[in-house]
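Visitor: Heads up: the sequence lines are chains A and B, in that order.
So the first sequence is numbered by the numbering used here: it starts at 1 and just counts up by one.
So the second sequence is numbered by the numbering used here: it starts at 1 and just counts up by one.
Note that these hints are calculated values from the structure, not bench results.
Backbone N, C-alpha and C define an ideal beta-carbon position, used for all residues, glycine too.
There could be a bad hint or two in this list.
Estimated spans, in silico, between C-beta atoms of each pair [said to hold, decoys possible]:
1. A/46 to B/69: 43 to 49 angstroms
2. B/235 to A/117: 58 to 64 angstroms
3. A/157 to B/235: 42 to 48 angstroms
4. A/134 to B/206: 37 to 43 angstroms
5. A/134 to B/231: 54 to 60 angstroms
6. A/46 to B/235: 38 to 44 angstroms
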Amino acid sequence: MCSTCAILLKSTFMKYTLIALLIAFTPLCALAQKHSIYADVGITNVRLLPGGSVTYNYKLTGFLGAGAGFQVHNFFPTITDEHKYVPALYADLRFTTWAKRKNSFISFLDFGWDMYKKDNEYYRDSTSVGFVPHNNGFYNSLGLGYFHKVTKNGGGAYVTLKLMLNWYNYREYSILAEEYDRSLLAASGSIALSIGYKF
Amino acid sequence: MRYIVVLIAIVITFAQCKPDIEMQPTGSYDTLGVTWMTIERSNIIYYFQGTGVKGASIYSDLHEEAYEDLVGIFNPVLPQKLRYFVWTDFEQAKGIFNAPEWSGGFALSKQCVCHVRADISLGHELVHVLAFWADGIAPYTYSRFINEGVAVAFDLEDHDRIEWAKEVLKDFKLNSIKELWNDPQDLTPHELIYPVGGAFMEYMYQQSSRDEYFTLLRNQTITDAELIYGKDRLEELIRNFDNQLGL
Chain A
1 MCSTCAILLK STFMKYTLIA LLIAFTPLCA LAQKHSIYAD VGITNVRLLP
51 GGSVTYNYKL TGFLGAGAGF QVHNFFPTIT DEHKYVPALY ADLRFTTWAK
101 RKNSFISFLD FGWDMYKKDN EYYRDSTSVG FVPHNNGFYN SLGLGYFHKV
151 TKNGGGAYVT LKLMLNWYNY REYSILAEEY DRSLLAASGS IALSIGYKF
Chain B
1 MRYIVVLIAI VITFAQCKPD IEMQPTGSYD TLGVTWMTIE RSNIIYYFQG
51 TGVKGASIYS DLHEEAYEDL VGIFNPVLPQ KLRYFVWTDF EQAKGIFNAP
101 EWSGGFALSK QCVCHVRADI SLGHELVHVL AFWADGIAPY TYSRFINEGV
151 AVAFDLEDHD RIEWAKEVLK DFKLNSIKEL WNDPQDLTPH ELIYPVGGAF
201 MEYMYQQSSR DEYFTLLRNQ TITDAELIYG KDRLEELIRN FDNQLGL
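Given these sequences and hints, build the entire structure.
Guide: Spelled out as structure tokens, the structure:
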């Protein structure tokens with residue numbers, strides 16, 4: 001089991017991490033409401049394994065923010081890989097609706113870098129053999145979130161549902177004829193359901 | 001010096017772009033209404049229905065590796081080199097050999113020949129031939145349950161065979177695996193005999209000495225197995241396995 005996986009599975013560790021984040025970021029956010037941190041833990045549809053993310057966000061306008069984040073989730077990064085914990089660094093764009101009401105919705109779009117070492121396996125179908133030539137992939141996610149109660153500082157607990165995609169290069173060699181050999185841009189996806197807190 | 005650097009850069013660039021094909025075709029062969037592209041490797045002669053050289057080369061690499069893995073288990077002594085026909089249109093093969101609609105391959109073990117669709121498990125048809133010629137001795141008696149079971153047990157697929165068998169058994173009524181073993185008419189549905197047989201032969205491999213297991217491969221009926229393991233021990237082994245499957 002990888003070290004990230006071991007850490008995530010230790011719920012006590014996660015609890016204290018969240019408390020530490022709460023203590024660290026609450027005063028910061030009170031001072032400057034333009035800066036916020038979204039921290040969440042959740043599960044993916046791959047055997048319901050846990051993961052999490054932390055995203056820094058800078059409020060550009062009343063409803064639009066931009067930032068960057070880090071996440072670790074468990075999924076199948078490519079067609080030839082086993083499911084594994086994949087860390088990702090990403091840039092984040094976040095839209096808030098009903099920004100002045102007690103409850104609100106957010107939607108977000110992330111682009112970044114999935115970091116993993118590929119398995120050196122081949123995928124076969126009835127006419128071809130293929131493999132993934134490179135480590136790492138392009139991370140992209142699209143999500144929706146809901147705040148039931150937004151605090152005075154604009155923080156609060158939330159729930160999100162996001163579709164995560166890992167884009168990677170895939171080379172396929174045809175047994176049928178060489179003219180069908182091709183290099184493809186492929187995507188492997190999973191869905192994460194998370195709960196978190198905005199500081 | 002400047003020209004040497006440029007030359008090295010060009011050489012490196014082209015070296016990287018050159019297709020990395022390990023094995024070139026070694027010939028062609030006409031049979032069954034197909035002109036086959038052949039690649040002869042150290043363990044197997046491959047016959048490809050298609051002409052894609054790089055794909056065929058990688059495909060043969062994977063199967064040579066699989067063969068080496070399986071040789072360590074079965075110690076086969078084949079009377080001739082294995083011939084492996086890879087169909088990209090397996091419907092055509094089904095028509096020629098009258099193979100069942102659901103099949104993706106079959107082995108003519110005695111003749112050391114396999115006919116396969118390119119995407120079936122790496123080991124399955126290889127095992128049929130290698131197990132048949134294990135230690136150089138062909139089987140005396142045959143049971144479909146044991147024969148298909150060993151091919152699934154060593155098909156080199158990374159999956160939990162007990163869980164697969166349990167999952168399949170949700171859709172079938174079975175009291176004991178003896179019902180599958182004692183099936184002289186070969187009436188058991190393939191959806192049942194492959195996963196349960198595979199799990200059973202994997203279990204028996206773990207529970208047997210090498211001598212017992214390979215004697216079972218040569219003498220495959222349940223009556224033969226009673227002589228190999230002893231009636232009481234075989235009963236116990238079957239009961240334990242039935243319990244694992246929740247029967």
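Visitor: Are the hints correct? Go through all of them and say.
Guide: Do the hints match the structure? See the list:
The hinted window of 43 to 49 angstroms between residue 46 of chain A and residue 69 of chain B is violated, with their beta carbons roughly 28 angstroms apart. At about 49 angstroms, the CB distance of residue 235 of chain B to residue 117 of chain A disagrees with the hint of 58 to 64 angstroms. Taking 42 to 48 angstroms as the suggested C-beta distance range, the pair residue 157 of chain A and residue 235 of chain B does not conform, at roughly 60 angstroms. Take residue 134 of chain A and residue 206 of chain B: their Cβ atoms lie about 39 angstroms apart, and the range 37 to 43 angstroms holds.
Range check, residue 134 of chain A to residue 231 of chain B: Cβ separation about 58 angstroms, and the 54 to 60 angstroms hint holds. Checked against the hint of 38 to 44 angstroms, the pair residue 46 of chain A and residue 235 of chain B passes, with Cβ atoms roughly 42 angstroms apart.
The structure fails to meet hints 1, 2 and 3 from the earlier list, while all remaining hints are met.
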